[in-house]
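So you can see what is in the structure, the chains are spelled out below.
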Amino acid sequence: MTDTAIDTASVVRQSLKKRYRAERRFRYMGLGAILLGVAFVLVLFVSIGSKGYTAFVQSQIALEIYFDPDVIDPEGTRNMEQIGRVADFSRLYKNALKARFPDVTGRREVRELYKLISNGSTYRLRDMVMSNPDLIGTRQTLWLVADDEIDMLNKGFIDRDVPESNRRLSDRTIGWVDAIDEGGSLRKAFNWDFLVNGDSREPEQAGIGGAVVGSLFTLLVTLMLSFPIGVAAAIYLEEFAPKNQFTDLIEVNINNLAAVPSIVFGLLGLAVFLNFFGMPRSAPLVGGLVLTLMTLPTIIIASRAALKSVPPSIREAALGIGASRVQSVFHHVLPQALPGMMTGTIIGMAQALGESAPLLMIGMVAFIVEVPGGPLDPATVLPVQIYLWADSPERAFLERSSAAIMVLLSFLVAMNALAVVLRKRFEKRW
Amino acid sequence: MLKRPLTLAVAVAIGAASAQAAARDYVSIVGSSTVYPFATVVAENFGKTSGQKTPKIESTGSGGGLKLFCAGVGVEHPDITNASRRIKQSEIDTCAKNGVEEIVEVKVGYDGIVLANSKTAGEPTNISLAEVWLALAKEVPNPNGDGLVANPYKKWSEINPELPDVAIEVYGPPPTSGTRDAFVELALEAGCEAFEAVNALDKDTKKAACHTVREDGAFVEAGENDNLIIQKLESNPNAFGVFGFSFLDQNADKVQGSVVEGVEPTFELIADGSYPVSRSLYFYVKKAHVGSVPGIEGYLAEFSSEKAWGDEGYLTDKGLIPMPKAEREKYAMAAKNLTPMTGL
Numbered sequence: 265m266t267d268t269a270i271d272t273a274s275v276v277r278q279s280l281k282k283r284y285r286a287e288r289r290f291r292y293m294g295l296g297a298i299l300l301g302v303a304f305v306l307v308l309f310v311s312i313g314s315k316g317y318t319a320f321v322q323s324q325i326a327l328e329i330y331f332d333p334d335v336i337d338p339e340g341t342r343n344m345e346q347i348g349r350v351a352d353f354s355r356l357y358k359n360a361l362k363a364r365f366p367d368v369t370g371r372r373e374v375r376e377l378y379k380l381i382s383n384g385s386t387y388r389l390r391d392m393v394m395s396n397p398d399l400i401g402t403r404q405t406l407w408l409v410a411d412d413e414i415d416m417l418n419k420g421f422i423d424r425d426v427p428e429s430n431r432r433l434s435d436r437t438i439g440w441v442d443a444i445d446e447g448g449s450l451r452k453a454f455n456w457d458f459l460v461n462g463d464s465r466e467p468e469q470a471g472i473g474g475a476v477v478g479s480l481f482t483l484l485v486t487l488m489l490s491f492p493i494g495v496a497a498a499i500y501l502e503e504f505a506p507k508n509q510f511t512d513l514i515e516v517n518i519n520n521l522a523a524v525p526s527i528v529f530g531l532l533g534l535a536v537f538l539n540f541f542g543m544p545r546s547a548p549l550v551g552g553l554v555l556t557l558m559t560l561p562t563i564i565i566a567s568r569a570a571l572k573s574v575p576p577s578i579r580e581a582a583l584g585i586g587a588s589r590v591q592s593v594f595h596h597v598l599p600q601a602l603p604g605m606m607t608g609t610i611i612g613m614a615q616a617l618g619e620s621a622p623l624l625m626i627g628m629v630a631f632i633v634e635v636p637g638g639p640l641d642p643a644t645v646l647p648v649q650i651y652l653w654a655d656s657p658e659r660a661f662l663e664r665s666s667a668a669i670m671v672l673l674s675f676l677v678a679m680n681a682l683a684v685v686l687r688k689r690f691e692k693r694w
Numbered sequence: 005m006l007k008r009p010l011t012l013a014v015a016v017a018i019g020a021a022s023a024q025a026a027a028r029d030y031v032s033i034v035g036s037s038t039v040y041p042f043a044t045v046v047a048e049n050f051g052k053t054s055g056q057k058t059p060k061i062e063s064t065g066s067g068g069g070l071k072l073f074c075a076g077v078g079v080e081h082p083d084i085t086n087a088s089r090r091i092k093q094s095e096i097d098t099c100a101k102n103g104v105e106e107i108v109e110v111k112v113g114y115d116g117i118v119l120a121n122s123k124t125a126g127e128p129t130n131i132s133l134a135e136v137w138l139a140l141a142k143e144v145p146n147p148n149g150d151g152l153v154a155n156p157y158k159k160w161s162e163i164n165p166e167l168p169d170v171a172i173e174v175y176g177p178p179p180t181s182g183t184r185d186a187f188v189e190l191a192l193e194a195g196c197e198a199f200e201a202v203n204a205l206d207k208d209t210k211k212a213a214c215h216t217v218r219e220d221g222a223f224v225e226a227g228e229n230d231n232l233i234i235q236k237l238e239s240n241p242n243a244f245g246v247f248g249f250s251f252l253d254q255n256a257d258k259v260q261g262s263v264v265e266g267v268e269p270t271f272e273l274i275a276d277g278s279y280p281v282s283r284s285l286y287f288y289v290k291k292a293h294v295g296s297v298p299g300i301e302g303y304l305a306e307f308s309s310e311k312a313w314g315d316e317g318y319l320t321d322k323g324l325i326p327m328p329k330a331e332r333e334k335y336a337m338a339a340k341n342l343t344p345m346t347g348l
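In the order they appear, the protein sequences are chains H and X. My numbering applies: residue 265 is where the first sequence begins, and numbers increase by one. My numbering applies: residue 5 is where the second sequence begins, and numbers increase by one.
Just chain H, with the same shape it has in the complex:
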């Protein structure tokens, strides 16, 4: 007896070292997996951040603009409507550039000189005059947005050492920019245009405002449809539906739907919402409907899990004191399950926010300049905007796509953080 006991003990003792080693190995491997993941995330964030952060500032050039009455209103009528339609406001900054560099002559050179300033300034000057006609005849020093190529030069993305023929900017232009810089008339200012404007083919005027609003409308429609439908489906399946083969089938199908590639939902949306119901192409409403189909399974599954975690004693107690089943669910079970449901919904929304494939089929991958004013206006969404910019030839769009990714990521992080906070604050442990 004692022999065998000693034997067992020694066998255990002998294997102890090996078992500790195995445990340590496993722990290191687990730690390694996490570190690897963190490293990848860091590489991703750093590479995007380092490419994109420059897009949040833009180069501006100070010019003394003379709101020349001869240019704006040659007939002296002060008829603002007429002026807004006819006057060539680009002359104002062009004249200012000429005044700044009086010795530039020759058609080609002058054209090149005009390209220092973004042609979007024309519309800014027009809006200034239209809103304040008293400006006509005055002189103002204004910071005007520089052209995207000047911006790239100012940010150091253009190599001055390569031969002139291989550069987009001539030595002449670089000379002008340096002269402006030395005069203190070149600055980098925070790029509000990037946050407010809609898309544009001129990188310096392009912004994510339109895409953000489009994403907002799309998500709003998705939320308003998928949350009530998802929660209702989960409550019915969990609390009321009989457990039989039919409900099993539904359950299997819901789980399968969660794994269907999102492009399939896009095709479905194209066939049903656009071709059958005749809804408008490119509208956030349709985008929201398609994303609703995509997020529903996620929300249903999360909501059912939340309902399951509410202990049966709560239901039984409610029923025991005479509540109906609907009352017990809505007064007692649902409030306890709601934090879990909301977490699931937010995760689903975050998924929907990053989705572009299903929107391709319903025409939301499009060039849209105007910021949408409602869920029926043509719109695009953030991931699509990134895709479109990443595919544009202009160099300046590279930093803009990285910056747009940063905005998208910060939205995703914020939504996930909200989900964590909700879970931490309201979730009850039983």
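No wet-lab data here; the hints were simulated from the structure. Quick caveat, the model's predicted, so the values are computed rather than measured.
Computed list of lysine to any residue pairs in SDA-like fashion (alpha-carbon distance at most 20 Å, straight line):
#1 92/X to 347/X
#2 92/X to 193/X
#3 258/X to 438/H
#4 311/X to 350/H
#5 258/X to 232/X
#6 419/H to 456/H
#7 57/X to 350/H
#8 158/X to 214/X
#9 322/X to 657/H
#10 52/X to 351/H
#11 57/X to 460/H
#12 322/X to 654/H
#13 71/X to 534/H
#14 52/X to 387/H
#15 419/H to 256/X
Keeping the supplied structure of chain H fixed, place chain X upon it in accordance with the hints.
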């Protein structure tokens, strides 16, 4: 609860959507991703100067665009489609079948397709189309015998000792892209016709031999994103890339275009037609929509104005190669008078 009114609002919105479809106050444009960068600039300028809504432009590819365009007449269908190739007879037939009768064809300009590599690789490569085909075809004429054999060439210098002594590695567009279609048609097909062994084949086998690109890793499909190809060329001086001229134009400090058949891919040489791999870009207008959708005439006028597609117009800044003046005038008239095309 707040939920019910919101759900109601959505239901109302869906109802309104059908009502809204009855009228559209912006021009809807679909089509080629090659024309997209040009059409979008015109649309933006039109929107800013006219006070009308900026047209909405989807990049669906030439074929996809024509499919949507030909689906019928009515505000739910696009007004204009861009194409990096000419419309086909089969597409005109589909259009006619769906009631799209009068189509106005407007040629926009030209685009060159370049074979480029990194500037760090040294002097630009001088290559003929026959050599391009030998490097990229799946099957080539047997160098020491008859018939076709699986492509044996691993290095450019095996094709022609003058070419660089590096492994053949070409990044190019996938088959869904119009650039790929044009490259196959203009470069590979022209190249393979230089060989007796191919010309001796019957029509279908010849076409297959000319059009099939090798799949052993020497030709890498890099997706529709040309910026990605340029990044890859930068990091790998031995690789070549196939993409549109506008990307070469914008990245002239990083990549250089190879000299094809003795002609450099420059703005002037593509414009006068001497560069062999260039194609025409078009857009097609549905005449039935003019009048019911506001802005179509204005958009056409903007596109066909000299300040847009002229020799020094803003489209040339974006890499469009303009047509000669006489041709521009011809198509500007077609756009103005909305002259429908009469067959191909």
